[in-house]
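Using the sequences plus the hints, can you model the full thing?
2 protein chains.
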Amino acid sequence: MTSSATPLRLSTADAGFEDEFARRLHWSAETDAQVEQAVGAILADVRRRGDAAVLEYTKRFDALEAATLAELELTPAELKHAFDGLPSPQRDALEAAAKRVRSYHEAQRRASGESWSYRDADGTLLGQKVTPLDRVGIYVPGGKAAYPSSVLMNALPAHVAGVPEIVMVVPTPRGEQNPLVLAAAHVAGVHRVFRIGGAQAVGALAYGTQTVPRVDKITGPGNAYVASAKRRVFGQVGIDMIAGPSEILVLADGSTPPDWVAMDLFSQAEHDELAQSILLCPDAGYIDQVQGAIDRLLPEMPRAAIIAASLNGRGALIQTRSMEEACAISNRIAPEHLEIASRDPHRWEPLLRHAGAIFLGAFTSESLGDYCAGPNHVLPTSGTARFSSPLGVYDFQKRSSLIEVSEAGAQALGAIASELAHGEGLQAHARAAEMRLKR
Amino acid sequence: MTSSATPLRLSTADAGFEDEFARRLHWSAETDAQVEQAVGAILADVRRRGDAAVLEYTKRFDALEAATLAELELTPAELKHAFDGLPSPQRDALEAAAKRVRSYHEAQRRASGESWSYRDADGTLLGQKVTPLDRVGIYVPGGKAAYPSSVLMNALPAHVAGVPEIVMVVPTPRGEQNPLVLAAAHVAGVHRVFRIGGAQAVGALAYGTQTVPRVDKITGPGNAYVASAKRRVFGQVGIDMIAGPSEILVLADGSTPPDWVAMDLFSQAEHDELAQSILLCPDAGYIDQVQGAIDRLLPEMPRAAIIAASLNGRGALIQTRSMEEACAISNRIAPEHLEIASRDPHRWEPLLRHAGAIFLGAFTSESLGDYCAGPNHVLPTSGTARFSSPLGVYDFQKRSSLIEVSEAGAQALGAIASELAHGEGLQAHARAAEMRLKR
Chain P
64 MTSSATPLRL
74 STADAGFEDE
84 FARRLHWSAE
94 TDAQVEQAVG
104 AILADVRRRG
114 DAAVLEYTKR
124 FDALEAATLA
134 ELELTPAELK
144 HAFDGLPSPQ
154 RDALEAAAKR
164 VRSYHEAQRR
174 ASGESWSYRD
184 ADGTLLGQKV
194 TPLDRVGIYV
204 PGGKAAYPSS
214 VLMNALPAHV
224 AGVPEIVMVV
234 PTPRGEQNPL
244 VLAAAHVAGV
254 HRVFRIGGAQ
264 AVGALAYGTQ
274 TVPRVDKITG
284 PGNAYVASAK
294 RRVFGQVGID
304 MIAGPSEILV
314 LADGSTPPDW
324 VAMDLFSQAE
334 HDELAQSILL
344 CPDAGYIDQV
354 QGAIDRLLPE
364 MPRAAIIAAS
374 LNGRGALIQT
384 RSMEEACAIS
394 NRIAPEHLEI
404 ASRDPHRWEP
414 LLRHAGAIFL
424 GAFTSESLGD
434 YCAGPNHVLP
444 TSGTARFSSP
454 LGVYDFQKRS
464 SLIEVSEAGA
474 QALGAIASEL
484 AHGEGLQAHA
494 RAAEMRLKR
Chain Y
64 MTSSATPLRL
74 STADAGFEDE
84 FARRLHWSAE
94 TDAQVEQAVG
104 AILADVRRRG
114 DAAVLEYTKR
124 FDALEAATLA
134 ELELTPAELK
144 HAFDGLPSPQ
154 RDALEAAAKR
164 VRSYHEAQRR
174 ASGESWSYRD
184 ADGTLLGQKV
194 TPLDRVGIYV
204 PGGKAAYPSS
214 VLMNALPAHV
224 AGVPEIVMVV
234 PTPRGEQNPL
244 VLAAAHVAGV
254 HRVFRIGGAQ
264 AVGALAYGTQ
274 TVPRVDKITG
284 PGNAYVASAK
294 RRVFGQVGID
304 MIAGPSEILV
314 LADGSTPPDW
324 VAMDLFSQAE
334 HDELAQSILL
344 CPDAGYIDQV
354 QGAIDRLLPE
364 MPRAAIIAAS
374 LNGRGALIQT
384 RSMEEACAIS
394 NRIAPEHLEI
404 ASRDPHRWEP
414 LLRHAGAIFL
424 GAFTSESLGD
434 YCAGPNHVLP
444 TSGTARFSSP
454 LGVYDFQKRS
464 SLIEVSEAGA
474 QALGAIASEL
484 AHGEGLQAHA
494 RAAEMRLKR
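Listed in order, the protein sequences are those of chains P and Y.
In terms of our numbering, the first sequence opens at residue 64 and continues consecutively.
In terms of our numbering, the second sequence opens at residue 64 and continues consecutively.
A portion of the hints provided could be inaccurate.
What the hints assert, rightly or not - With a Cα cut of at most 25 Å, we get these calculated DSS-like pairs of lysine-lysine:
{"id": "1", "chain 1": "Y", "residue 1": "K192", "chain 2": "P", "residue 2": "K162"}
{"id": "2", "chain 1": "P", "residue 1": "K192", "chain 2": "Y", "residue 2": "K501"}
{"id": "3", "chain 1": "Y", "residue 1": "K162", "chain 2": "Y", "residue 2": "K143"}
{"id": "4", "chain 1": "P", "residue 1": "K192", "chain 2": "Y", "residue 2": "K162"}
{"id": "5", "chain 1": "Y", "residue 1": "K501", "chain 2": "P", "residue 2": "K162"}
{"id": "6", "chain 1": "P", "residue 1": "K162", "chain 2": "P", "residue 2": "K143"}
{"id": "7", "chain 1": "Y", "residue 1": "K162", "chain 2": "P", "residue 2": "K501"}
None of these hints come from the bench; they were simulated from the model.
Since we're looking at a predicted model, the values are computed, not measured.
Set out below in structure tokens:
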């Protein structure tokens with residue numbers, strides 16, 4: 064087990080920079096044909112046989128036996144019991160985090176999630192009605208990646224959106240339950256919880272079974288089987304993004320204590336070996352100090368081996384010609400997490416066009432955002448921040464256009480529609496408009 | 064060629080209603096293994112060989128030969144020329160429609176697409192920055208489904224969002240260009256147009272070639288090859304929904320002239336044989352009158368054969384026990400287009416939870432919405448209105464969370480984050496928070 068980490072050191076002034084940088088960034092979601100085939104079969108079976116199939120796969124994959132799927136449902140009382148059983152600092156921390164996350168998402172709903180309409184001069188009404196989804200499913204992984212914070216981050220936006228029924232699935236291999244996860248479900252107002260996982264749980268939520276209700280959308284992280292299942296049921300239900308490895312990019316002007324930056328790079332790297340931590344900084348001396356802090360701090364970290372593997376395999380410390388160049392490179396990467404470790408973060412923020420979340424200033428460690436600042440920690444990875452957004456209230460709402468054309472409006476609009484419909488060869492469209500014209 | 068159309072007549076009071084209704088609604092997007100394989104090969108080839116591959120497929124599938132891909136780009140002057148060459152009523156109608164669609168989407172941006180932020184009592188800033196995508200691709204089909212209105216409906220929201228580069232692709236089999244489509248591109252402010260189509264055009268936009276720039280998102284309708292290609296490049300770029308057959312559902316209380324309702328059903332049915340038109344009404348006599356109007360009006364329609372095939376194969380006239388029951392059934396269908404043909408549409412609108420667009424009152428024919436009322440005509444089909452929304456400005460924007468924790472904020476948040484991070488076994492997360500605490 065190694066406890067030394069030397070992220071690749073690059074400089075944008077080097078001749079080979081572009082090639083080396085591209086190689087370091089490269090990551091591709093391999094689809095495994097065997098996984099695909101297994102998932103296809105499981106989904107088809109769950110669709111056909113419902114509960115019986117889910118029970119069978121739960122026995123096979125989770126070593127968990129039950130006579131009925133109802134036995135695998137946890138009651139609200141059981142969730143509350145898990146919460147009550149926690150040490151009080153954990154209870155308080157969960158509730159404080161939930162309160163802040165809820166409050167942020169309420170602001171988000173007010174800012175961008177309310178219905179609106181207006182009337183034209185001729186009395187025609189136009190607008191959009193924004194409504195919550197009827198029922199959503201939240202996938203929560205079991206085992207090593209079982210994070211109570213993920214329960215909050217997935218369930219609370221749904222709750223704030225007004226979703227009347229939030230159904231959580233979480234595998235409990237060999238029956239082992241994670242009390243923090245169940246407590247988080249209690250705090251976040253999850254309505255129903257089933258102890259199932261894998262492709263069979265995704266199938267149960269997408270198609271519905273005798274016991275598990277069919278949902279309208281499924282969100283939440285999972286392994287390759289879960290990701291493949293979500294891709295396959297997309298269209299039947301909505302899904303969130305399929306996440307790649309987590310990433311952090313730190314833009315540093317040299318004003319933040321190097322230890323803080325090193326620890327922020329660690330906090331990304333400790334997730335798993337494929338996580339990516341990158342530092343961009345115009346000051347070579349400061350980069351040396353961060354490397355020094357890495358050397359000094361790494362041995363004391365309990366997850367040193369994972370951190371070292373991640374930093375050695377995918378990390379990079381990059382000297383840029385300027386902060387402006389660092390911002391331009393950041394835009395090419397479109398990172399999931401972007402820290403501006405600068406004494407003047409508002410100078411650089413406007414230059415940063417693509418990122419899941421932007422953390423401004425030395426005091427804003429990514430970890431504060433991960434747990435409790437308020438914004439969501441489910442963020443677009445692998446450059447998808449170019450076109451997608453953090454999980455939010457908007458993911459648990461949908462919009463319906465509203466149109467009420469007045470009689471006067473029908474005269475003006477009818478002439479336009481008729482002309483264009485004839486141009487497209489759609490005569491019934493034209494006639495429907497013309498019938499509303501006064502003779 | 065038949066010119067008679069008798070949509071299936073049902074009543075919710077019939078014993079067999081549920082089964083017959085389910086059969087009529089059934090539609091599933093079959094994926095054709097041959098299409099999938101061909102598309103996979105084309106995409107891989109375009110990714111590898113770029114321009115050369117696109118030129119080869121364009122020659123093979125569109126019977127259009129060119130020495131370079133640059134030859135297949137249309138200049139802004141050519142688009143303007145197409146516009147100038149239209150009869151003036153068409154020019155005026157295109158411009159009037161564009162003006163209204165633009166104005167609606169500007170209201171949409173103001174209502175839900177602006178950046179926002181707030182500061183906590185301790186000075187911590189939280190918010191979201193909303194930015195346009197850098198570059199988007201719009202797929203416009205050639206041939207029989209080449210609709211200039213689709214150009215407006217895809218390009219204008221991107222334009223209003225502030226996307227600096229809108230790249231349109233449109234196949235021109237055997238070199239045949241559709242002047243209305245090119246004129247619409249001119250009116251909608253499309254920046255670049257390439258005369259390519261099919262999976263090869265989707266690949267060119269997703270990966271970029273020597274000549275076609277790589278985009279961040281691809282929207283717009285297409286055939287099975289285009290739909291399959293869009294599914295496959297999803298993740299690499301964003302995509303809009305994959306559309307199924309178009310649908311209309313009319314809720315009628317008997318107060319709208321039956322001819323108008325019949326023509327609205329036709330205007331959906333004339334799109335193609337798989338389009339679905341459904342009438343829900345508690346008044347059997349009124350349903351008879353609509354059937355009478357269908358019989359009378361159909362023979363005079365130029366697209367009578369398509370309309371008859373659609374209505375006979377997939378249409379339905381359903382007598383309900385009440386308007387309330389009609390609303391409940393509509394919610395189960397979650398139709399793309401929903402007309403409330405009632406003298407009191409605002410009584411029913413609040414009961415309707417799922418629909419792409421809701422058309423209120425007798426004067427609001429779907430065709431007015433399709434062309435020029437203002438709201439987008441790209442709407443969720445096949446029940447996906449349960450969880451998705453009309454194409455809008457928001458599809459051409461993405462959000463980045465903003466977090467700036469003050470020194471005071473770091474004290475309160477640090478304690479919470481540290482507690483939860485230790486609970487998850489992520490010690491570097493905890494340490495990063497703890498380092499920001501004052502000693």
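Each hint tested on the structure:
Simply put, K192/Y and K162/P have alpha-carbon atoms about 22 Å apart, close enough for the 25 Å limit, and the pair holds. Between the alpha carbons of K192/P and K501/Y the distance comes to roughly 48 Å, so the proposed pair goes past 25 Å and is violated. For the suggested pair K162/Y and K143/Y, the alpha carbons sit about 17 Å apart, so the restraint of at most 25 Å is met. With a CA separation close to 22 Å, the supplied pair K192/P and K162/Y stays within the 25 Å bound.
Only pairs whose Cα atoms come within 25 Å are accepted, and K501/Y paired with K162/P is accepted, the gap being roughly 24 Å. Restraint check: the Cα-Cα separation between K162/P and K143/P comes to about 17 Å, which is no more than 25 Å; the hinted pair holds. A hinted pair counts as satisfied when its Cα atoms are at most 25 Å apart, and K162/Y with K501/P qualifies at roughly 24 Å.
Taken one by one, the earlier hints fail for this structure only at number 2.
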